[in-house]
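K.L.:
Given next are the chains, with one letter for each unit.
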Amino acid sequence: MSGATTPRFKDNVHEALRDERLQRALRHSDNFASGRAAAAERLPEFEALRDSARAIKDHTLAHLDLYLEAYERKVAESGGHLHYARDAAEANAIVLDLCKRRGARTVTKGKSMISEEIGLNAALEAAGIEAIETDLGEYIIQLRGEAPSHIIAPAIHLCKADVEADFRRAHRDLPAARDLSQPEQLLAEARAILRDKFLSADVGVTGANFLVAETGTSIIVTNEGNGDLTQILPKAHVVVASLEKIVPTLADAAQLLRVLARSATGQDMTVYTTLSTGPRRPGDQDGPEEYHVVLLDNGRSAMLGSEFEDMLRCIRCGACMNHCPVYHAIGGHAYGWVYPGPMGAVLTPSLIGVAEGGQLPNASTFCGRCEEVCPMRIPLPAMMRHWREREFERRLSPVAARSALGLWAFFAKRPALYRFATDLMTRALRLAGGARGRFSWLPFAGGWTRYRDLAAPQGATFQSRWRARSGAVR
Amino acid sequence: MSARDEILAAVRRSLRVTGDEAPRRAAAQARLAQSPAGIIPRRGQGDAGKRAATFGKEATRAQASLAGVAEAADVPAEVARFLRENNLAAAVRMGEDARLSAMPWGATALEISRGPSDGHDLNAVSAAFAAVAESGTLALVSGPDNPTTLAFLPDNHIVVMFADDLVGDYESVFVKLRAVYGAGAAPRTVNFITGPSRSADIEETLLLGAHGPRRLHIVVVGAAREASAAEAGAEK
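Each protein sequence line maps, in turn, to chains G and E. For the record, in the first sequence the residue sitting at position 346 is 405 according to our numbering, with numbers rising by one throughout. For the record, in the second sequence the residue sitting at position 190 is 195 according to our numbering, with numbers rising by one throughout.
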C-alpha cells in the first residue's frame, strides 16, 4: 500500500483552494521561475546543454544494464557495498538490517525523495530507530508529521509563524522569551539543535542525484551542507537511490549538473556538490568506515521501453512544478503522494498504479510550460495524455466524465449536427452572459464556477471563424 | 532469483536485449574509456588572467570573499587579517597539507591546531585541489592533508587556492583527478564548493550559514603574478 490520498484528489483540491493559509504561502513561491529564467539567460550554452543532457540520459537508459554492471564493479573496487532492492519493502529491510548490525539508535538523513518514496522514516521508527531529517525544510515538516509539498523546497507551503509554532512545541528547552519571529532566528535554532544530532548519529542516509558508472561514485547536491554532515560524521554512510540515477561518466554528470541547479533554484551551481566513492581510505582521519548503496527499482525497469520511458530522464529539479498553474493553485500536498506537480502526475501512476494515481494526469491545463522548462525535455503533457487514455480505456474515469465524453463523441462524429449545436450553444451563452459577459454560476459547470467566473463566448464558434478567415485569405 | 539478477533481467526484458550484443557493449565501453566532454561553456575559458578574473567574479556572486597574495609565504598574514577584520577568534584548524605546513604561521599571532574538526572549531583553513572559473567553484579532496570535516563544521572556512590550479571547467578537474588517482578511480570525497552554506527553506528568504560555514574566504596565491602576466601579455 502506498498510503497515498491520491484517489481523493478532487477533495484534496477543494480543501487546498479553501485553505487561506496555504494560499498565502503559495503566493511567495514565484522566485523559482524568475531565478531559472535569469540563470538560463546568463548562460548562452543553456539550450545546447539541455540537448546534451537529454542525449546522455537517453544513451544511458538504452544501455542501462551495462552501466549498472560497470557501476557495480566500481563500487566493489572502491570498497563499497551495493544492494539491489526490487521494491520499497526490500529497500527498507536492507537499510534496517544495516542499522541493526551497527546497533544504530539514531540515523541522520540528507534530503532524499527516494526515502520518501519507500517510507523509510516510518520503517526506522517502527524498529525503534530515531530518524532525523537534517535539511531545514525536511526537518520542519518532519516535526509536523507531514510529507514534503515540493521536491526541492519541502516546506514551501508554510509561513514563518507556522515554523515558530512547531519549534516552540518540539524544542522543549526553548525559553518563551526567545524571539523566533524571523527566518534568521528560526534557522539559528534549527542549526543548533541539528548540530548535536549530526555529531551523535550512528548512521547517515542520503539520496543521490547521480551514480557514476566510471568510478562507482555517488553525487549529492545541497545548499545547506546537511547532506555532507550526514555522510561524513557517522560510522556508516548509506545511499538510497533509484536505477535511473546512473550516468556513464563524471563528465556526463557535469553536463547534467549545469542544467540541474539552474533549472531548480536559478543558481549556476549548488553550493555543495559532493562526490563520494567508497568508505574512508587508509590514512583518512574522517569520513565513514562503511559505504553502502541501496539501488531501488520499484517499477522503473517496467517503465523502460514503454511510452513512459522518457520520464526516467527526470533529474528532480522541480522546474515543472515551479512553472505549473495547477501546482501554484493547490500546492503539493493535494497531489496526495510523494511526487507533486507535472512530474508527479506522470510518475505517480507508474509507481503506485493507475487505479490509485490515475486522477493526477487530469490535473493539467495542458498549457505546456512544464515541457518548455524541463531541462531534460521530457514531454510531460503528452505522457499525461497517455495516462488519461489508459484511465479511460480501463474504465477508471468517473461516470460523469465518461458520459460527457460519450455525448461529445456523438456530436463530433456528426459534423453538421456538431456545427449546428455548437453555434446554437454559443449564441445562447452569449445572450445569457449579458452585458457582464461572464457567469458566476452555470448548470453542470459548478466545478469551474465555484472558484472563478466562466467567461461567456464573445464571438462565433472557432469553426465558423476559421471558415470565415480561410474565405478571406482566398 | 536474487534481487540483482531479477532487476537486471527486468531491465533487459524491457529494453528487449540480452546484454551480450557486441555493439551495445562496445558503445558503453567506449564512453566509459573516452569520457567525451560534451558542451563546455565559454564563460570559464581563456588564458590564466581571464580565468582568474572570471573565477573572482563568479565566486563573489556566490557570496564568497576573495583576496589575492603574491607568494605562499603571504598566506598566514592574509588569514590573520581576514579574521581580525571580521572580529573572529585568532585560531585556525587545518590538516597536514604540505603546502600549508610550509607557510610561516609562526610569524602571526594565530593559534594553529591540526587534524579533522570535532565541531568545536570556529575557523578552518584548507588547500584546494583545484578551482573552476566557470562558476567560482572550489574543488577539495578528502584525505589527511585536508580532512573533509574542516569544510563543513567550522563557522568560517578559509580556502587557499594556488592560481596554477585554476581551470576553466569541471571536466578539467576530472582530468586532473584522473592524473592523480588513475583512470576509473576517485578519492573518497571530492567537494565542489560554490560560496558559503545557505538555505531558503523558510518563506524563500535566502540566509547564509545553514549547517555549514557562514563565511567562505578564498585566498588566491600567485594572483598578482597571473594578473601581471596578463598585463604583460596585453602590452605586447
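You may find that some hints are simply not true.
Said to hold, decoys possible - Within a straight-line C-alpha distance of at most 20 Å, the following computed DMTMM-like cross-link-like pairs (lysine to aspartate or glutamate) qualify:
1. G:Lys294 - E:Asp123
2. G:Lys256 - E:Glu208
3. E:Lys181 - E:Asp170
4. G:Lys219 - E:Glu209
5. E:Lys62 - G:Asp343
6. G:Lys219 - E:Glu208
Stated by the list, open to error - Covered by chain G, according to a simulated footprint, are these stretches of chain E (three or more residues, beta-carbon under 8 Å):
7. 23-30
8. 86-98
These are calculated hints, taken from the structure and not from any lab test. Ideal Cβ positions, reconstructed from N, Cα and C, are used throughout, including at glycine.
K.L.:
Next step is simple, just say for each hint if it's right about the structure.
P.N.:
Here's how the hints hold up against the structure:
{"no.": "1", "hint": "G:Lys294 - E:Asp123", "verdict": "14 Å, holds"}
{"no.": "2", "hint": "G:Lys256 - E:Glu208", "verdict": "25 Å, violated"}
{"no.": "3", "hint": "E:Lys181 - E:Asp170", "verdict": "9 Å, holds"}
{"no.": "4", "hint": "G:Lys219 - E:Glu209", "verdict": "10 Å, holds"}
{"no.": "5", "hint": "E:Lys62 - G:Asp343", "verdict": "34 Å, violated"}
{"no.": "6", "hint": "G:Lys219 - E:Glu208", "verdict": "7 Å, holds"}
{"no.": "7", "hint": "23-30", "verdict": "holds (count 3)"}
{"no.": "8", "hint": "86-98", "verdict": "violated (count 0)"}
In terms of the numbered hints stated before, the structure departs from hints 2, 5 and 8, listed from lowest to highest.
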